[in-house]
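Residue numbers (the UniProt record's numbering), protein chains in the order written: chain A, 1 to 379; chain B, 1 to 304; chain C, 1 to 300.
If you are wondering where the hints come from, they were derived from the structure by calculation, not from laboratory data. Backbone N, C-alpha and C fix where the C-beta goes; we use that ideal spot for every residue, glycine too. There may be inaccurate statements among the hints.
[What the hints assert, rightly or not] Think about it this way: if two alpha-carbon atoms lie no more than 27 Å apart in a straight line, the pair counts; the simulated DSSO-like pairs of lysine-lysine are:
1) K293(B) / K107(A)
2) K262(B) / K109(C)
3) K187(B) / K221(C)
4) K252(C) / K293(B)
5) K101(A) / K293(B)
6) K221(C) / K293(B)
[Claimed, not checked] So, partial list: chain B residues that the calculated Cβ filter (under 8 Å) puts toward chain C:
7) Y29
8) L31
9) P33
10) G57
11) L239
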Amino acid sequence: MVRVRYDDVTKRYGNEIGAKNIDITVEDGEFAVLLGPSGCGKTTTLRCLAGLTDPTEGEIRIDGTDITARHPKNRDIAMVFQELALYPHMGVAANIGYPLKVEGVDKSTRRERVEAVAETLDIGELLDRETDELSGGQRQRVAIGRAIIRRPSVFLMDEPLASLDAKLKVEMRNEIKKLQRELDITTLYVTHDQEEAMTLGDKLIVMNDGTVQQVGTPAEVYHDPANQFVAGFIGSPSMNFLRVRRKAPGSQRVVAADDATFALSVEGLPTAVDDTDPFVLGVRPQYFSVHQSPIDGAAKAEVTVTEPMGDEQLLTVRFDGDGREIAVRAPFDVSVTRGDAIWLGVSGERAYVFDVETGARIRQTELSTDTAVPTGSRP
Amino acid sequence: MATDTKPKRGVGRALLAGVERIHETLDSYGLVPTVTNGIALLFVVWTLFPVYWMVSGSLRTRSDLLATPPKLVSTALTVGNYPELFAQRPAFYEFLFNSVVVTVGSTALAVLLGTAATYGFVNYEFPYDLGRFHLPFLVLTTRFLPPIVTVIPLYVIFDTANLLNTRLGLVLAYAAFNIPFVVWMLKGFFAELPDSIVEAAVLDGHTELGAFFKIVLPMVRPGLIAATIFTVINAWNELLFAVILTSNTEAQTLPVALATFKTAYAIQWELLTVAGTIAMAPVLLFAFLVREKLLRGFTMGAVR
Amino acid sequence: MSHYSETVGGGRYERVLLWVEDHLRWILTLPALAVLAAFFIYPVGRALVLSLYQFDTGGRQFVALENYVAILTAGAFWQSLWITAKFMFFAVSLEVGLGIAIAFVLNSKVRFRGLIQTIGLVPLVISPTVVALLWQLLYQNGGVLDSLVTPLTNGPVPWLSDPSIALYALVLPDVWQMTPLVTLIVLAGLQSVPDHVQEAAMMDGAGRMRRLVDVTLPYIKELVVLVLILRVIGTMRVFAKVFVLTRGGPAKSTEVISMAMYREAFSYGNYGRASTMALLLLLIALAITYAFATVSEVEF
Numbered sequence: 001m002v003r004v005r006y007d008d009v010t011k012r013y014g015n016e017i018g019a020k021n022i023d024i025t026v027e028d029g030e031f032a033v034l035l036g037p038s039g040c041g042k043t044t045t046l047r048c049l050a051g052l053t054d055p056t057e058g059e060i061r062i063d064g065t066d067i068t069a070r071h072p073k074n075r076d077i078a079m080v081f082q083e084l085a086l087y088p089h090m091g092v093a094a095n096i097g098y099p100l101k102v103e104g105v106d107k108s109t110r111r112e113r114v115e116a117v118a119e120t121l122d123i124g125e126l127l128d129r130e131t132d133e134l135s136g137g138q139r140q141r142v143a144i145g146r147a148i149i150r151r152p153s154v155f156l157m158d159e160p161l162a163s164l165d166a167k168l169k170v171e172m173r174n175e176i177k178k179l180q181r182e183l184d185i186t187t188l189y190v191t192h193d194q195e196e197a198m199t200l201g202d203k204l205i206v207m208n209d210g211t212v213q214q215v216g217t218p219a220e221v222y223h224d225p226a227n228q229f230v231a232g233f234i235g236s237p238s239m240n241f242l243r244v245r246r247k248a249p250g251s252q253r254v255v256a257a258d259d260a261t262f263a264l265s266v267e268g269l270p271t272a273v274d275d276t277d278p279f280v281l282g283v284r285p286q287y288f289s290v291h292q293s294p295i296d297g298a299a300k301a302e303v304t305v306t307e308p309m310g311d312e313q314l315l316t317v318r319f320d321g322d323g324r325e326i327a328v329r330a331p332f333d334v335s336v337t338r339g340d341a342i343w344l345g346v347s348g349e350r351a352y353v354f355d356v357e358t359g360a361r362i363r364q365t366e367l368s369t370d371t372a373v374p375t376g377s378r379p
Numbered sequence: 001m002a003t004d005t006k007p008k009r010g011v012g013r014a015l016l017a018g019v020e021r022i023h024e025t026l027d028s029y030g031l032v033p034t035v036t037n038g039i040a041l042l043f044v045v046w047t048l049f050p051v052y053w054m055v056s057g058s059l060r061t062r063s064d065l066l067a068t069p070p071k072l073v074s075t076a077l078t079v080g081n082y083p084e085l086f087a088q089r090p091a092f093y094e095f096l097f098n099s100v101v102v103t104v105g106s107t108a109l110a111v112l113l114g115t116a117a118t119y120g121f122v123n124y125e126f127p128y129d130l131g132r133f134h135l136p137f138l139v140l141t142t143r144f145l146p147p148i149v150t151v152i153p154l155y156v157i158f159d160t161a162n163l164l165n166t167r168l169g170l171v172l173a174y175a176a177f178n179i180p181f182v183v184w185m186l187k188g189f190f191a192e193l194p195d196s197i198v199e200a201a202v203l204d205g206h207t208e209l210g211a212f213f214k215i216v217l218p219m220v221r222p223g224l225i226a227a228t229i230f231t232v233i234n235a236w237n238e239l240l241f242a243v244i245l246t247s248n249t250e251a252q253t254l255p256v257a258l259a260t261f262k263t264a265y266a267i268q269w270e271l272l273t274v275a276g277t278i279a280m281a282p283v284l285l286f287a288f289l290v291r292e293k294l295l296r297g298f299t300m301g302a303v304r
Numbered sequence: 001m002s003h004y005s006e007t008v009g010g011g012r013y014e015r016v017l018l019w020v021e022d023h024l025r026w027i028l029t030l031p032a033l034a035v036l037a038a039f040f041i042y043p044v045g046r047a048l049v050l051s052l053y054q055f056d057t058g059g060r061q062f063v064a065l066e067n068y069v070a071i072l073t074a075g076a077f078w079q080s081l082w083i084t085a086k087f088m089f090f091a092v093s094l095e096v097g098l099g100i101a102i103a104f105v106l107n108s109k110v111r112f113r114g115l116i117q118t119i120g121l122v123p124l125v126i127s128p129t130v131v132a133l134l135w136q137l138l139y140q141n142g143g144v145l146d147s148l149v150t151p152l153t154n155g156p157v158p159w160l161s162d163p164s165i166a167l168y169a170l171v172l173p174d175v176w177q178m179t180p181l182v183t184l185i186v187l188a189g190l191q192s193v194p195d196h197v198q199e200a201a202m203m204d205g206a207g208r209m210r211r212l213v214d215v216t217l218p219y220i221k222e223l224v225v226l227v228l229i230l231r232v233i234g235t236m237r238v239f240a241k242v243f244v245l246t247r248g249g250p251a252k253s254t255e256v257i258s259m260a261m262y263r264e265a266f267s268y269g270n271y272g273r274a275s276t277m278a279l280l281l282l283l284i285a286l287a288i289t290y291a292f293a294t295v296s297e298v299e300f
C-alpha cells in the first residue's frame, strides 16, 4: 500500500510562486499525471515529492508518514529525468545496477537483477554497451531500468518522452503504461502533452499558474472541465470560446456580447446567467452542427480555410461581421470551399458556460456526464 | 601590437597590405612553402637551442663549455658533473626533497579545496548572489594580484606564526595562490554538468556529498587532471615566495638554490648547468607525457 | 535542498551525515575561502597597518601617512614603475606581435605542426629561474650571443652590465619564454575558424586579405585581448628573471617594482615602506584589472 498525499504544499522562490496550495492524493498503484503548460508548477510539485525541492509550506505524506523533511535517499522514490541523467562514465549495466550498488547489494545478485530488468525492458543485448552508443529510445529504457530496479515505492517521471520523435513516443508510451500495470507501483508522471496524459493516466491533475485546476479521470477533465483553462487546454484543436449574452432576459437565444453580430440558440443555459450579462460559451470544434442552408437557431458563418483530414475536415470560419475565427470540425461530405456560407448550430448539452471574469465553470444544475462521446481528441 | 588587433586603422591596413604583397611575390616564385617552413624551423631552433645549450653544458667540462668561440657540438662528453654537484653541494638532496614535498603537498591541497569550492559555487545557491557572483569574482581577482603585494606582509605574519622557513608554510602559501587557478580552470567543467545527474545520484541512494565524490568528480576528471598539471608546474617553478619565506636547507626549494648559486668568485657553470637540468628535467618529462592536456589547458577558452 | 531534519533509523552516523548534507555548500566552499582570506585579505589588512609604521634598528614607530608621502614624493618609486612599464611595453609588444605572426605561419601548410606545437610548450613549463640561467649562460662574455653579434659589434657586448642595455637583455628571456603562449593560443583560435566560413567568404569573392580581415580576425580578436591581459599581468609581476640576472642593477637600471619592494623590505628591513609600496601596487593592479574587465568582454 503506497498512498501519496500532498497536504496544502506551497513552494515559493523568493517572491515567485512555484506551486501553491497543492492538495492532492495519489492512491496505491495509481498512475497520476501532472499536466499543464510549461511553468505551471507541475515539475516543482513532483520535485517536492522526490525531495529535490523543499516545500515552503505544507506536508507530503507517504502512507500517512510525513516525509517532507526526509533526505531523498531515504524516501524510497525513483525518478526518470527529462534529460535521463544517465551516468556518462558508466556502461549500460553499471547504470542500471547503480542504485543496488549504492545500497550495498553484492555483485552477483546485482548482475542477476540487472539482467532481469533488462529482459523486461527488452535491452538484454545492450548491457555491455556504453551509454553514448545508444539510440534515444534505448537510453530511455536504460533510464527506466535504473529507476525500477530498486522496486521503489513511488515512481516519478519528469517529461521522460520529451526528447523522442513522434513514433517512438507512442511506442514508449504504451510500454510505460504496460510496465506500470505490471509493477503496480504508485506513479506520478509530469507532461505538458495532453495526448500523452490522456492515454497514460488513471488520474489527471491539471495545473496552471502554480495551482491545481482540476483533478479527475481523463474523461472527466475532457467532458466536464472545471473551468475555462482546463476546457481550453484539454482537447485538440482547442475548444472555441465565444463572448456572448442572452438576447433578452430568459431568452434561449445568445448574441455576441458586445455588438450582437451573430445569434444562435442554445438550449438549457444555466439559470445563473438568466440576465443579459455577458458570459463565455465554450464549444469544441466537433460539437457544432454544420448546415449548408439557413436553419432556425443556427448562426451564419463564412468559411475561410478548409483542411481535409480524411474522414472529416477542419474548417476555420468567421461569423458574419465578427472578426474572430473559430474552428469547426465537419464530416468530409460537407462540401464547402473558401468563401462559402454555412450555418452553425449548438446543442445545449455540448456547450459549456464560463464566468467572464474568473473563467469558472457555471453549471446548469446536475449535468449528466455519462454522455457517450468518442474520446477522439486526436487531430 | 595594437596594429594586429585593429586592422581597420591605417597602420594595420598598410602592414597587412605589405604582408599581402610579399606573399604574392613569393607565391609567384612558388616559394611560399619554403618560407613558411623556414620560419617554422627558425622558431624551433630559437626555442630549443637555449635548452640544448644547458643540457649539453651539464655534460661538458668547464673549459669546453666556456670556450671562445663557443663549440656548438662537443665531442668530449662526461657525466662526471652530476656526482660532482652532489659531492660539492650535498644540500641539493635536501633542495630536491623540499621541492617534491612542497609541490605534492600544495597541489593536493589546492586541487582538493579548489575543486570543492568551485562545485559549491556553481551548484548551490548562496544568499545575496554571493555564490553566483561575488565570491567567485573575489576568488578570480586574486589571480590578478602581483604576488609581491601579499608576500611582504605575509613574511611578517609568518614570522609571528612560526611558519618562516618551513615546508608547511610554503605548502599553504602555494596552495593559496593556486586555488584561484584551480577555480578558474574547473568553473566551466562544473557549469556543464547537468543538475539532474546529481539529483539522479541522490535518488539512487547517495548523499549529496557522496554524489560529489562518486559521480561528479569522475565526470570532471579531464578538468581535474588539467588543474593538477598546472598546479604542479606552478609550484615546482615558483621562486618569489620561496626566496622570501625560506632561509636555509630546512625548506629552501630548487629554484631558490639555483637563484642563489653564485659563489664569491665565479659561477661554476659546469655544476650550475647540472642543477638547472635537474630542475628542468621533471617538468619537461611531465610536460611531454601530458602534452595533449597541457596544450588544451594553455589554449582553454580558445576553442570552447 | 536542505533541512533534512528527519533521520530514518535515527543513528548517530545518520545524524552527522544529514548535518553535513544541510551545510554542504559551506563545507565545500569555506575551507578554500578561509585559505584565501588568510593569504590575501589578511595580508592586505596587515599591510595597511604596517604601512603606518617606520622600521629601523630600534624597532618600529608609528608615523601615520609619512611613508605614503615619502614614497609618492621621492623619485625611486616612480622610477621603478617606469622601468616596469618599459619592460612591460617591450616584452608584451614583442611577445604578442611575434606570437601572432608565428601563429599565422604555423596555420598555413607547415610540416610537423603538431610537433612544433609540442616544442612550443617547452619554454612555458620551465621555471623562470631556470630560464634566467639559460640566458645568463648565453650572455656569457664571449659566449654564444657574443659570437653571433661579433660581426656587427666588433667584440663582446656587456649584455647585463651596461645600464643602457640591461633592461633589453631582460626582455629577451621573457620574449623567449612567453611568445609560444601567444602563438599556441592564437593558433588554436585560427584552427577553430571553420573551413566552411572561409569557403563561404571565398564564394562571396573575398580576396585573401579581405578574408583575413573580415573572417579570421573576428575569430581571434577575443583571444588576442585575452593574451594581452595575461601578458600585461605577467610582466607586471616579473621577479625571478630580474633577481637572477641583474638584481635590479646595474645602477638600478633594471629595478622593476617587485625588485624595489624586495630590496626595501629585505635589504633595508623597512617593512613599513615596502608595505606602502605593496598597497600602491595593489591599487594599480586593481585599476588595470578593472580597465580590462570593462574594455573587453573576455570572461576571466
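(Q) Tell me the hint numbers this structure goes against, listed in increasing order. (A) 1, 2, 4, 5, 7, 8
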